[in-house]
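Enquirer: Sequences and hints are given; from them, build the entire structure.
According to the working numbering, the stretch in the sequence shown is residues 1 to 289, in order.
Hints may be right or wrong, so weigh each one.
The list that follows gives simulated cross-link-like pairs (lysine-lysine, DSS-like), each with its CA atoms no further than 25 Å apart [as the list claims (entries may be wrong)]:
{"hint": "1", "residue 1": "K26", "residue 2": "K211"}
{"hint": "2", "residue 1": "K26", "residue 2": "K200"}
{"hint": "3", "residue 1": "K202", "residue 2": "K212"}
{"hint": "4", "residue 1": "K211", "residue 2": "K200"}
No wet-lab data here; the hints were simulated from the structure. Source: prediction; values computed, not measured.
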Amino acid sequence: MWLIMAVLSAFFAGVTSILAKCGIRKTDSDVATAWRTVVVLLFAWIMVFIVGSAETIFTITPKSLFFLILSGMATGASWICYFKALSLGDVNKVVPIDKSSTILTVLLAIALFGETEYLLFRLTGTVLLAVGIYLMVEKRQTAEKEYNTRWQLYAVLSAVFAALTSVLAKIGITGVESNLGTAIRTIVVLVMSWLIVFIKGKQIQLKQIDKKEIIFISLSGLATGASWLCYYYAIQNGIVSLVVPVDKLSILITVAFSYVVFREKLSRKAFLGLLLMTAGTLIMTLPSL
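Expert: Below you can see the structure in the form of structure tokens.
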């Protein structure tokens, strides 16, 4: 079941990136992130009440609550960096770097949680992922020098914080119903994202959001909420170093939609990189099938 939920998480995460890109063509990325978080929070708490886990909030241990908060902070930081990168760069370039968080997550899971079973499969898959990511983000040999490359820094920071998110969430969600854990984390993300908006004085832009874009931002929030609920169920019940790579297969959905929606084509090297990333993920998950 946890493997199925990881696959569903990947699908919704892939849709999220495309919807978010559609919603930040004119809208500031920080403002869009804050708005999306409101949608995710509402969605998460609705699910908590549907499954009836709200009353268990008082049974959460201080340790679990502490790590859930840390995980939420890491998620908030990752989101802010990720959507800033999306607003500056191509989806097909930003997403692969963001997915490199898989490599760090797998290594941390092996070191911290002792997930050493089928270690050769996981290390082989990790190497293929790394090579695939390098091929996908390689610069074009055109007038790329004039292109704004700040997105690279934001994409790398997004990956680092995303890796920390998964590890901290695995610790914090122990003994906590997964929907409730997701909802608690989302509160932290909400606070962080809105603080950024007010610190930068961007709250005025909320009234100026394009009506069409706000629809895409809201849909992106719903897709994110669905992805999170599936992902943290899988994290809680499955193996972190397997759940994360499967979740990152969302890049297949993203690349397909980015071609249809934005006409962002992959070069031969980038396509080879995508194949290697997919192969690496499948090699990691083979022992669990």
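Enquirer: Run every hint past the structure and note whether it holds.
Expert: So, going through the hints one by one against the coordinates:
1. The hinted pair formed by K26 and K211 meets the criterion: a straight-line CA distance of about 11 Å does not exceed 25 Å.
2. Among the hinted pairs, K26 with K200 is consistent with the structure: their alpha-carbon atoms are about 17 Å apart, no more than 25 Å.
3. About 20 Å separates the Cα atoms of K202 and K212, which keeps this hinted pair within 25 Å; it holds.
4. Restraint check for K211 and K200: the C-alpha separation of about 23 Å stays at or below 25 Å, so the hint holds.
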